[in-house]
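Novice: Below, each chain spelled out in residue letters.
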Amino acid sequence: MSLKNQLDSIDERSHLADCIQRVADERCKQAFAELFEHFAPRLKTFLIRQGTDEAAAEEIVQDVMLNVWRKADQYDPQQASVSTWIFRIARNRRIDRHRRARPELDPSDQMLQPQQTEQPDITVNRQQIEIVVRREINTLPDDQMDLLKAAFYDGLSHAAISELFDLPLGTVKSRIRLAFQKLRRQLSEQN
Amino acid sequence: MPQSDNFDHNEIYSAYAAGTLDPAFSLMVATQAALRPSVERAVARAESIAGAFLENETPTELSDGALDRAMALIDSIEPERRDVTEGVMQAGYALSEILDLPEPLRSSALEACGQSGWRALSSGVKRLNLDTGSESTAELYRIEPGQMVPRHSHSGEEYTLVVTGGFSDETGHHVAGDLCVKDAADTHQPVGDDDGVCYALAIRNGGLKFTGALGLIQRLIGQ
Numbered sequence: 001m002s003l004k005n006q007l008d009s010i011d012e013r014s015h016l017a018d019c020i021q022r023v024a025d026e027r028c029k030q031a032f033a034e035l036f037e038h039f040a041p042r043l044k045t046f047l048i049r050q051g052t053d054e055a056a057a058e059e060i061v062q063d064v065m066l067n068v069w070r071k072a073d074q075y076d077p078q079q080a081s082v083s084t085w086i087f088r089i090a091r092n093r094r095i096d097r098h099r100r101a102r103p104e105l106d107p108s109d110q111m112l113q114p115q116q117t118e119q120p121d122i123t124v125n126r127q128q129i130e131i132v133v134r135r136e137i138n139t140l141p142d143d144q145m146d147l148l149k150a151a152f153y154d155g156l157s158h159a160a161i162s163e164l165f166d167l168p169l170g171t172v173k174s175r176i177r178l179a180f181q182k183l184r185r186q187l188s189e190q191n
Numbered sequence: 001m002p003q004s005d006n007f008d009h010n011e012i013y014s015a016y017a018a019g020t021l022d023p024a025f026s027l028m029v030a031t032q033a034a035l036r037p038s039v040e041r042a043v044a045r046a047e048s049i050a051g052a053f054l055e056n057e058t059p060t061e062l063s064d065g066a067l068d069r070a071m072a073l074i075d076s077i078e079p080e081r082r083d084v085t086e087g088v089m090q091a092g093y094a095l096s097e098i099l100d101l102p103e104p105l106r107s108s109a110l111e112a113c114g115q116s117g118w119r120a121l122s123s124g125v126k127r128l129n130l131d132t133g134s135e136s137t138a139e140l141y142r143i144e145p146g147q148m149v150p151r152h153s154h155s156g157e158e159y160t161l162v163v164t165g166g167f168s169d170e171t172g173h174h175v176a177g178d179l180c181v182k183d184a185a186d187t188h189q190p191v192g193d194d195d196g197v198c199y200a201l202a203i204r205n206g207g208l209k210f211t212g213a214l215g216l217i218q219r220l221i222g223q
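So the sequences go chain by chain: A and B. Residues 1 to 191 in the working numbering are what the first sequence spells out, letter by letter. Residues 1 to 223 in the working numbering are what the second sequence spells out, letter by letter.
A few of these clues could be false.
[Claimed, not checked] To give an idea of the interface, some chain B residues facing chain A are shown, with a C-beta separation under 8 Å as derived from the structure:
(1) Gly51
(2) Gly65
(3) Ile77
(4) Gly124
Derived by calculation from the structure, the hints in this document are not laboratory data. In this text, a Cβ means the ideal position worked out from N, Cα and C, and glycines have one as well.
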């Protein structure tokens, strides 16, 4: 990714984070509309990739965006980027659909609690992780990137990836391990 | 995370991040992340990767009026209230202990208090069945100081994560954040530490091995 594209991305991310702050602080509908226009179509693609039919996907997207509105005050820009935060809401929503939850307890609540920080000195620096992952992920070779996407975004098992890409299981495992380790090394160097 | 060599940790974190990991095991990963910074870092990394792919995703057009519908939904929701749920009432004397548990385990336990309720296994040990939506069993054990968990038979593998306090068994002493893996042959009778109550989260999958034909990673939608 070119430097200009990277800077555009950073601007866009920071703008989206501002939108969430405006939703949280001012209940600003314009800001919400901007978040909706950016993320709803992408969430829809994500859900359809997982095998959700179009109608159900739209329903889930509405649900996720409603939770974005409701939980906006829980978003901490120090902890995660907007896309990671929204992804987690969508991910948890998918899991919770399969629970036999009682109606008066909102399943989304339990997964959205901020990480407890009883010992602040050992809190994980998620913001740093976000910066490094987004920077480094674009430098990965295509063959690692494709497998990473299949594993971390589509959530396929290594065996399923091996079948899908027609690669030996060992190759799949080592490529993913390489990519993941590279991200971890970059992070250690930051610290 | 599991000490077993059968596990590729990346596979667990990636499936967890994407939401395709068995819900009972997801609860375990989330709980251990709250107890172990190294696990939290791995989870954060995995979720960040997923978020990056969402960010770069190609948009699919929504149906007409989708934004209007979203706005209507926003207008219709009631202000947030913090209700005291039936689960909280049922939790009784253990309430303060349960409120100290990390999320998402805390909410899961509170909900279970109101549903299945605690079952006493012996005078000093009780157990709460948690509803994760998985076919695997997830149970929260409460072990009083010095008390031994009665022998229980199980087929398949069992994973026990110490959440608060500690216990000792034939493999040694385990404290908060430690994960024990047992297979069907192991007789596992933990004894709680003397200095406090021990809460432990146990996940097992009956006769179906976590690794194998069905595997640990089960697609939640489709198939």
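Novice: All the hints need checking, so say for each whether the structure fits it.
Specialist: Here is what the structure says about each hint:
1. Of the supplied interface hints, the one on B:Gly51 holds, with its beta-carbon coming within about 3 Å of a beta-carbon of chain A, less than 8 Å.
2. Hint status for B:Gly65: violated, given a least beta-carbon distance of 11 Å to chain A, over 8 Å.
3. Of the supplied interface hints, the one on B:Ile77 holds, with its beta-carbon coming within about 7 Å of a beta-carbon of chain A, less than 8 Å.
4. At its closest, the beta carbon of B:Gly124 sits 27 Å from a beta carbon of chain A; the interface hint therefore is violated under the 8 Å criterion.
Checked against the numbered hints above, the structure breaks hints 2 and 4 and satisfies the rest.
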